[in-house]
Each structure stands twice: as structure tokens, then as C-alpha cells.
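Student: Sequence:
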Amino acid sequence: MPPSASLSSRQSTAGAGWSCDEPGTYTDLMPARVRNLSWLNPAVLWRSRNDVLARRFGDPTNDERRRWVARQLRAGAPPDFAIPRDDPSSFSFMVLGDTGEGDAPQYAVVPGFLRMSEGTRFAVIASDVIYPTGSVNEYGTKFFRPYKDYDAPIYAVPGNHDWYDGLGGFMRVFCGAPELPPEGRPRLLSRAWWRRLFWKNPDRPDETRLAEAESLRSRPSQRAGQPGPYWMMDAGPIRIVGIDTGILGGIDREQGAWLRRVSQGPRPKILITGKPLYVDGAHHPGPIEGGGTVDEIVQDPACNYVAAIGGDIHNYQHYPVKVGDRTIEYVVSGGGGAFMHATHTIPRVNVGGVGEDDFRCYPLRGDCLAFYGRMYGRRLRMRWLFELTGDEAAAVIAERLGIRPGRETTASVTWRTRLVATLLGVPGRPHRHRRFRLPVRKAYQRFLSPASASYEPPLFKSFLRVDVTPERLRIRCFGASGCREHEVAPPVEDEITIPLA
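Going left to right, the sequence shown walks through residues 2 to 502 as this note's numbering numbers them.
Please note that the accuracy of each hint is not assured.
[What the hints assert, rightly or not] Now the in silico label distances, taken between C-beta atoms and shown as ranges:
no.: 1; residue 1: GLY356; residue 2: ARG485; range: 18 to 24 Å
no.: 2; residue 1: ALA83; residue 2: MET383; range: 52 to 58 Å
no.: 3; residue 1: GLU297; residue 2: ARG417; range: 43 to 49 Å
no.: 4; residue 1: ARG384; residue 2: ASP207; range: 18 to 24 Å
no.: 5; residue 1: ALA502; residue 2: PRO221; range: 31 to 37 Å
no.: 6; residue 1: PRO179; residue 2: ARG405; range: 34 to 40 Å
no.: 7; residue 1: GLU357; residue 2: ALA83; range: 39 to 45 Å
no.: 8; residue 1: ARG75; residue 2: GLU208; range: 20 to 26 Å
[What the hints assert, rightly or not] List of simulated lysine to aspartate or glutamate pairs, DMTMM-like, C-alpha gap at most 20 Å:
no.: 9; residue 1: LYS323; residue 2: GLU357
no.: 10; residue 1: LYS323; residue 2: ASP359
no.: 11; residue 1: LYS201; residue 2: GLU184
no.: 12; residue 1: LYS323; residue 2: GLU297
no.: 13; residue 1: LYS201; residue 2: ASP64
no.: 14; residue 1: LYS149; residue 2: ASP64
no.: 15; residue 1: LYS149; residue 2: ASP204
FYI, nobody ran anything at the bench for these hints, they're computed from the structure.
By construction, the Cβ of each residue, glycine as well, lies at the ideal position given by its N, Cα and C atoms.
All chains should be built: construct the whole structure from the sequences, respecting the hints.
Tutor: This is how it looks when you write it as C-alpha cells:
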């Protein structure tokens, strides 16, 4: 049996990992030489250029997905894209999101994940298996090696970074599909022509390297196959539906029709999606090509969805949205290893009928503010100004947003903590020094957040364990701080119980 959980970040600063007596042993799992992924490196940004090109010259994802799906159907994939399972009426599975940067923060999740996954039947990765471009040649250190000791199948839905390589790596590893043949040339000087001119082409597989990587997860108990980038499975009393939201967050017409079809019926359902439907205090319903949205299907009583779990944003968030006489649990689970997206810039929550008292996030806003204060203080050599304790940050967040602190604190709010909160983009009543605010919000998330990876505790990573019985479903979010005590007994940062009867 897994050990009892440690204190969480909602109970103490030690539970958050601020007083880490002993670093974790996760570094022993890493290759001898690891190159930390830097989002300040122009080469990395250039390799990730397909996102910008898709926004400016049109997104080819829907057409490419149709090509992949058509070939999978010709190869014998079932029309409903079902993954056959034989799970009992009571079982458990794991969910991670946005895992694969291949450096210390990703591996820091692994020891706790392995402990809490004991007895589970499979795992699902929700979005961005491989950073920065989903290359088939990077699956060794960023997928097969980290999870080589997880003795069960792993399924996945792709994220936008997996699509930067044309989905070739994802389809090869998870679906056993060879490369697609090149598409025809677009009309000269058209938007598609300009996009194709600069588009990053898929990497050519290194077959020797890939075979060595695949051998790390080659036991019969680990073998997994899925029919395509989107799929469904009937697991015990529930149905799990995974969708592919491509680069920009929408799904194609054919996938939309499939989603409507497999979502019908009273069986309780969980949606796994690359892009979350509720995140950062806003609703993103997920457009379907030709009309309608993903969330319209999720909220349809005839479909009986009880939860929707998405990745893409690299932290944990939870929105219990009331729909009629039901509650649908919307979860963001993107803290599986990649750099941390800020939670301290999330405004006071009031969306979908969810208020601040019902909202949960990890890391807590105060811990996130202290994390980025430490990062800015060291990089600007102004630690005397920017560095806040977890309690100081929690107090100023509570004052600025008019909310209760995530955990009890007796720290006072001072001119310095107010100034740091303003400079680092905490929303709410502005401080008189707001004209000196550092680049945050959109600019922060797009440029500075990816450059703010930390390699020392607390790391504020997370993963989910889902326990299913015929009567109820329990979702627990576990924290991974990088501290040894949290490897041995991962803290529970949030827990959701959903009645199924």
C-alpha cells in the first residue's frame, strides 16, 4: 500500500516544499548527461515556429488529422476508435499532462507517480508528450526512460507541441503508424504556400535509436495501442473519451461528429482533452469545425459527462460547474513536468457559476508569487526586493484579490510585498507603482513563463490518480515538490468525489 500523504501546501509552508531538508532521489533516474531545455534559445523558438505560422497563415491541423485518421481506418482501426479494455467494476488509473521536457522537473514527478500508481491499470498523458516539437527521436529520454518502471499501458492525447512535428512522432509511438506521404503543393503565393515555405517538417526517425528507446517499455504488461489521435474506451463502469485539439484548440468536423456519437448514452463519462475548457478564470468551450462546441456536448445531460480533464496549461486548476441539477468537474492537469505557468496572475474567480470559494489551484497563488519572486530576485540580482516568504506572498495575494489565504498566515502586508505583487502582475487593486510593472500576463505566459524553469525545490509539479467504483469516482491531485519526503509520501493538494449512482 502507498504510504500516508505528507502535509500539503494548504497546511504549511513545509508542505509546499519551502523547507526542503533533503532533495529527492529523482536525479538518479536521469541520463548521465541532460541538456536543460531553454525557451530563451533561438534554436528552440525556431523549431517551435509552427504555432506562429498556423495563427498567421492558417492552421492545417484539421486537414492533416483527417489524413491520419483516414489511413488508420484503411489499416483496420475500428470506426468508433475504441480501445478495448477488460477493467473490473472497481479500478484506478493515472493522469499526467505536459510531461516531456526531459530534464529534472519532469523526472522529479516520477518517484511520487510510481508510488501512487501502485495497483493502477493504465495511465493517460493529456497533452504535449514531447517538448519542444514532438520529435520521434526524443521519445527515449522524454517518454520511455522516465516511465520505464510503470508496469501498465500508457495512452495519450496530443498537444500543440506534438503537432509541431506533424504528429509523426506521436502516431508512430502510440499508434504504430508510419509517416504520412507528402501532401500536394499549394497554389503559388497563397497563404498555404507561405506557410509551407517556413513550416517545420517532421524529423526523420532514427530507427536504431527508437528501437533502443522502445525496449525500455517492452514488457507485455506495458504494451498499449490506440487507434488514432482521438479515441474512447469503456473502462469498468465509465467511458473515457480522449480528443485531439490540435494546435489552436479546435476539432475538425469528422471528429466532432464522432464525439457526438460516442458521447451518447447514460454511461458516466470523463473527457480527456489537450486544451482545457475552463482555465485561468475563463471559459474556452472548444470550437468544432462547422459549428458547435466541445463543451456543448460535455454539458448535454444526454451525454452524462461527470468530468473534463485538460492539459496545455502547466499547473493544476479545478472548477466545479453546476449544469442544471448536476455538477461537472472541470480540471486542468498540466503540471506533469514542463515549466510552470503562473497561478498568481489568475484573477478572483467568477466563471461558470464558480466562485473563489469553490476554485482550487496548485501551486497556491501565494506560493507561485514567492516562486517567481525568487526567480526574478536572482536573475535581476535584487533578492532583497523580490524574494518573499510563502506566508508573505499568501498575505498580499489575499489582500489584493479580497480572498481568504490558501493557508493560514500571520504575515503582515508591507509596502515591499505590495510592490512585488504589482511588479509581478497580481491582479486586483493596482498599486501606485503599476507603471513599473514587469512584463506579465500574455507576454509573461508566452515568453517569460517558459524561461522561468527552476531546477531546485519546490518545483510545484503534479499528477492525478483516479479511483473508480460503481458508486463513485475519486480524483486526487498529488504534488511533486522535488523534496525527498514528498517522493516517499506525495501530498494530496485537492480531492474530488463524484457520485456515479
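Student: Holds or violated: LYS201 and ASP64, Cα atoms, limit 20 Å.
Tutor: holds, 17 Å
Student: Please work out if LYS201 and GLU184 have their alpha carbons no farther apart than 20 Å.
Tutor: holds, 14 Å
Student: Is 52 to 58 Å right for how far apart the beta carbons of ALA83 and MET383 are?
Tutor: The hinted range 52 to 58 Å holds for ALA83 and MET383, with Cβ atoms some 56 Å apart.
Student: Honestly, do GLU297 and ARG417 meet the 43 to 49 Å range at C-beta?
Tutor: holds, 47 Å
Student: Are ARG75 and GLU208 spaced within 20 to 26 Å by their CB atoms?
Tutor: For GLU208 against ARG75, whose Cβ atoms are near 23 Å apart, the range 20 to 26 Å holds.
Student: Between the beta carbons of ARG384 and ASP207, is the distance compatible with 18 to 24 Å?
Tutor: violated, 44 Å
Student: Sort out whether GLU357 lies within 20 Å of LYS323, counting only the CA atoms.
Tutor: holds, 14 Å
Student: If I claimed the Cβ atoms of GLU357 and ALA83 lie 39 to 45 Å apart, would that claim hold in this structure?
Tutor: holds, 40 Å
Student: Does the Cβ distance between PRO179 and ARG405 fall inside 34 to 40 Å?
Tutor: violated, 55 Å
Student: Should the hint that GLY356 and ARG485 are 18 to 24 Å apart at their CB atoms be regarded as holding?
Tutor: Violated, since GLY356 and ARG485 (Cβ atoms, about 37 Å apart) do not stay within the stated range.
Student: Below or equal to 20 Å on CA atoms is what counts here, so check LYS323 against ASP359.
Tutor: The hint holds at about 11 Å.
Student: Please verify whether LYS323 and GLU297 have alpha carbons no more than 20 Å apart.
Tutor: holds, 14 Å
Against the hints set out earlier in the document, violations occur for numbers 1, 4, 6, 14 and 15.
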